[in-house]
Structures are given as structure tokens and as C-alpha cells.
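A.B. asks: Next come the chains, spelled out residue by residue.
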Amino acid sequence: MPAIELQSVFAAYREVDVLHDVTLAVAAGEWLALVGPNGAGKSTVLRVITGLLKPRAGMVRLGKRELREIRPAERARWVAVVPQELSVPLPFTVGELVALGRTNVRQRWARLAADDRRAIERAMAYTDVLELRERPFEELSGGEKQRAALALALAQETQILLLDEPTAHLDLNHQWEFFQLLERLNRECQLTVVMTSHDLNLAAEFCARLALFDHGRLAAIGTPSDVLHEDLLRETYHCDVRVRQESGRAPQVQPERQPRIAPPGVASRVHVLAGGGSGAELLRRLVLTGHHASCGPLNMGDSDAQAATALDVPAALEKPFSSLGTEALVAARKISADADVLVLTEVPFGPGNLALLTLAGEALDRGTRVLINTRNLEQRDFTPQREAQPRLRALLTRGAVGWQHADEVFQALEKS
Amino acid sequence: MKNSRILWLLGLLAPVALVGALLVGGSGTIWPDPRTELGRAILSLRLNRVVCGFAVGAGLAVAGAVLQAVLRNPLAEPYVLGVSSGAGLGAGLVILLGWTAYSVFALPAGAFLLAVITLALVYTLARQHGHLSRYGLLLSGVIISSVMSSLLMLLISLAPVEGLHGVVWWLLGNLQADSGALLMVGAALIAVALLGVLWLARDLDALTLGPEMAHHLGVSPAIITALALGLATLLTAAAVALSGMIGFVGLIVPHGMRGLVGPGHRRLLPATALAGGMFLVLCDALGRTLFAPVEVPVGVVTSLLGGPFFLWLLRRRRSASWVE
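Chains as they are written, first to last, in my numbering: chain E, 1010 to 1425; chain H, 848 to 1171.
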């Protein structure tokens, strides 16, 4: 029988839905990590399990019983929680704080019984805060505070331990220390552990299973190797990642590296032929990586033109909303004359900007390298005779190189 | 254990302080002869006054301790949060309308009603942005407090001349309760409310960690918060009905006691009650003797002592993070 079970749970803060149809079971003695981008609903799942947030629909069970039927005092003997950061505004010492874990175990006015003392001592011994017992909590370091907060939760002697980003404020060393501590508790005390984590690699290293959340839905659940897939992560986190899996080890996730800053002297002069916002991101990355960028012709007010101005990139400009005229073309020829590379972006073609192709052709004639974006060619040819496509293909056969992702442009720049 | 020994010590000190205060009066520090009519009268007056002072001091000090725990704000106090001013407006209304003639309960009831409204106002104003901000609470307390005081001043300036002296004298804070019956009712209310908060001591400990942690520890934060705020308001209202506006007791005493017995409320609340009672009785003895035969209202004494003490406390505690 699972220790925690969520069945088609929907939850909302005021009117904003945060969990959609989440079904999830956590076995007794399991260690599950809830992962996913910010706002995906991981913390909300914890809040639902602790009863802080009542689900709009669906059912939450702890063991055999429904959560809503469990009285608060009894729930505190079943589920303990370690918050992201415990704040204690009054000068409690660590010992006094950990004793609060027994709040609902003993009678209202009873002294600490032998059982209580044993639980408190054990919790402090496990978390290694025995020597800190006389120290005021607020004077502890971040790592010590988090261990004391864990001791408080352990003193409740529950079957289930929930942690919300428990190591978010800790440095690398203390993160590992804390996770190893959890590992011991999970293995030796058969504690069921559910935690949210931003650190996919730590979670993969320690947890038996991961549950990946995206926009309030459970996107995937399973072993780290099942869940940590490049495609899935790219979709949920909206960034390129690589997953390395060495045999016998937990998979490691690494964000795809952005191109390095070009060392001085290696920087290329890159002229960008763009329009309609198709070049802004490329210009930004070129400037960030230390290349000398220029662009144009562009219509004034075009978002690429605005990006060029903001980034201090020299640009040949034409009046707003008009075809690229000879004057702008001459200016563009001038600033692109000593470019090492011309890059044509994923720009939509119409009769007004076919001149871009002329410029690219001239560059090829000069022996300058030309990179042409080849994505969705058909869909962005708005010329009446569909002449942009054949002209682009002609350029490609004449030696221009096709590209689809910006990374390819930077790889090409590194080669030159 | 050291902390519990301090509690015993306070328990032993309290009767000594009370008897000591009985000896002190505007007429000099002599034990009046209980065999004479005059002696009995003086003794009874002094006894009333000492009991009143002890009840009010205990009530205000514990109200402060409870507010600090529930609102998680070490600077919270009935006077600072405007609860006293609210109670004062309620009591002033009752006095000026002459309702005190109907029932001894009129004064505490009026004080309680307005005090509850005031605290509710301060709380909602401070909660405007989703959570209770430490400084928002103090700011709205100061503002609501001055509004309530201004309303009381307005009432006083519109009131007929007779009875004015009573209100103003009462406002300054003095421990000579109007009648024995009022003293009984006020002291009984304070005693009941004290027992109530003592019963909540364990939950108050959990609440200082914040409503969510309290929930995780099995305490229902909404219920306990409402109960504790209600009881703190009752303590304040009864104290104000008995003695008018007396500030700083709820700030000085709990802070001092936390240093002595720690922040756990099972010890802190009894210690605060005892120390608060003694503190006010001693302040009153000072007020009676300092410029004898002229009396200084006890509210003036506590503020004169409390202000510098609070500043000293603030400076000393500045290094500790819980007084930012």
C-alpha cells in the first residue's frame, strides 16, 4: 500500500489553477523528488500533501486514510515538513526548537516524557546538532540552521518527511552533506521522503524516482534514467540540455553551452541580413561573444533595426514600410564590404527586400563566405512569382552554406 | 534547571513587592494602624491600588508577550498597535455617555468592543499585501492609534465640562479604580484571560515559527491566532478599563523575561505575568512617593522608564537578528 496517494488532484490558488489532474503514488520507504521549472506546481503538490492547500477536486490519501479525515494533531505525527528556510523571530535555542517537534505528541501541560527526550536526542544526534543545543537558532550558519530544521521535523517521529527545496540556500559541500543525511534516514529508518528540488543532478544521484512537473501537470515519473531525457527536458525547461549517462551512474544533466567569448583577434566581422525580428537574437549573441557585427539594409522601426540601435551595431537604414532602395543598398554595401561572413537570417521575403539576395550574391562573387538560413523556405516566400526560393537555392549551389540553428553559425565562425 | 528556579524566585518576590508597596503612600512610608478607622481606610485604599496595579501590569505585560508571538513581531505591544487607544476610546465613550451607572461591565465591555475593532483594522491594513509585514503592522498600528486617540480627544472637547476631569485623569493612567466592583470585574477578567493564554502556551510556541510551521506541527493556526488575539485584546481592554492608558509594560517586561527564562511560553507567560504585576506596582509606588504629596500618574512613570529602557534594549539586541 502506498504511503501517499494523490488521485486526479486539481488545485488552485484563488482562481488560478496550479495542479491539473495529478495522480501519483509514493511507496512506503521510497525517496521521490519532484522536479520541474519554476511555477510547475512541485511545491503545490507538497502543500496539498500537508493539507495546507485543499484540492479543488480529487483525493489525497495517507496510507489507508483520506487526508481530510485526519485531525491536525494526528497528521503531525504522520507527516513532518522541512521548509525552504525556517525563520524563528524569538530567541529559541536549538534544543528548545527541536523540542517543539513534540508539540502534539504530549499532553498540553505535561513535561517532556522519557519518550519525548529520546526522540529529541535521537533527532539531534542524527542531524549532528547536539553540540549546538544551547546556541540561539538565529545565530547558526545556513547549513546548521537547515540541520536544526531537519532535527525539528525528525523529532516528530513521523513515517513521512516532506522537504521544500531543502538545500536551495546551501553551498555545494552542505548540499551533499544534507543529501547524504537524508539518504541515511531513508535507508536506515525506512522514512518515506518526498522533496522538491531544482537540482536535477543531485536529485538523480540520490532519489530512486523523479516526478517531472510542467505547467501543473505530471509530465513524467520514473527512475532518473526514465525521466531525464533531452527532448522532454528541452520541452519543459525551454532550454537546450545534454544528458550524459555513464553506465552504472546516475544521468547528469548539463545545459547546452552558449558559444564562448571569441578571443581578441579571432573575432570575425559578421554582416547580418535580416528583418522583421529574425536577426535580433543573432545580433545579441554576436555582440555578447565579442564579434564585430553589422547589419542592413533594414527599415527604420523594424525590430531588428531597434535591436541594432540598442546593441550599437552599425546598420544601413531605409525609411519605414518602404522597399529597400538604392541609397540604403549602397550604404549596406559599404558597411559589409570588409565583412568576413555574411549571414542571411530566417527573414520573410517579399518584393521589397529581394535586394538582400542581391547583396548575398555580390558577397559570394567577392569570395566572402555566406551563410543562409534554410528553415521554412516555402512558407516565408511571399513574392508574387515565388522567386525568392530559386534564387536562394542558386546561392546555395554557388557555395553559400545553409544553416538552421544559431549554434551552426557560431560553429562556422569558429572554423574561420 | 536554571530557568524554572527563576520562575520560583519571581513567585516568591511578588508577595514581598506587594506588601512593600502597601507600606508606601502619598502620606509617607508608614504602616497605618489597622485599629483606627483612618488606618483601615488608608490600608483598604492602598490594598485596592496594589491589587489593581498588579492585575493591570500582569495583563498588559502578558498581552504584549502574546501579541509578539502571534504576530511574530518583537516590537508588537498593545500600546504600539493602537489596541490600548481603541480600548481607551471605547471606555471614554462609556464614561462620557454615563453608561457606567448601569453596570460595572459597561466600561470593560465598551473597551473590549472598540479594542477588537481596532486590532481587526490594524491587522487587515497590515495584511493588505497578502502577508503580515513587520513594519506594515507597526505603521498601521501607529496610524490607527492616533486616529482613535483623536476621536477620543474630539469626544472630550465636545463633552460638557462636568465629568471631564474624570476622563482626563483616567486617561493619564492611574491605578485608583473607580469602585471596588469595577476592580473585582476587571481583575477577574484579567485572571480568566491569563488562564486562557496559559492554556495556549504550547500552541503559541509553534505559532512563533509561522502559521505554516504551526500547521505542520499539528496546530490550527487560524483558530489559535484568533483565540490568542482575542485574549490579548481582552487583557488590554480590562487593563485599560481599570487604569486608563499605560504604555510600554507589554514591551519591557516580556523582553526582559525572555532574557531570563527563555522564549518558551509555558515559562515565559507566568514569569511575564508576575514580573509585569510587580513592575507596575513598583512604578506606582515610585509615582506616589517621588513628588509626594503630589502624585505622578503611573502611565507617566512607565513611559519615562520604558522609553529609555526600550531604546537600550533595541541597541543591545541590534546584533541579534530578531530585532531588525
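Keep in mind the hints are simulated off the structure, nothing from the lab.
For clarity, every value in this text was computed on a predicted model and none was experimentally measured.
Warning: the hint list may mix true and false statements.
No more than 20 Å apart at the CA atoms, straight line, and that leaves these computed lysine to any residue pairs for SDA-like [as the list claims (entries may be wrong)]: (1) E:Lys1063 x H:Ile889; (2) E:Lys1063 x E:Ala1123; (3) E:Lys1073 x E:Leu1033; (4) E:Lys1063 x H:Ser1067.
Here are some, though not all, of the chain H residues that point toward chain E, as calculated from beta-carbon distances under 8 Å [what the hints assert, rightly or not]: (5) Arg919; (6) Asp1052; (7) Leu1056; (8) Ser1067; (9) Ala1069; (10) Thr1072; (11) Leu1074; (12) Pro1110; (13) Pro1155; (14) Phe1156; (15) Leu1158.
In this text, a Cβ means the ideal position worked out from N, Cα and C, and glycines have one as well.
A.B. asks: Checking each numbered hint in turn, tell me which of them this model violates, lowest number first.
C.D. replies: 1, 2, 9, 10, 11, 13, 14, 15
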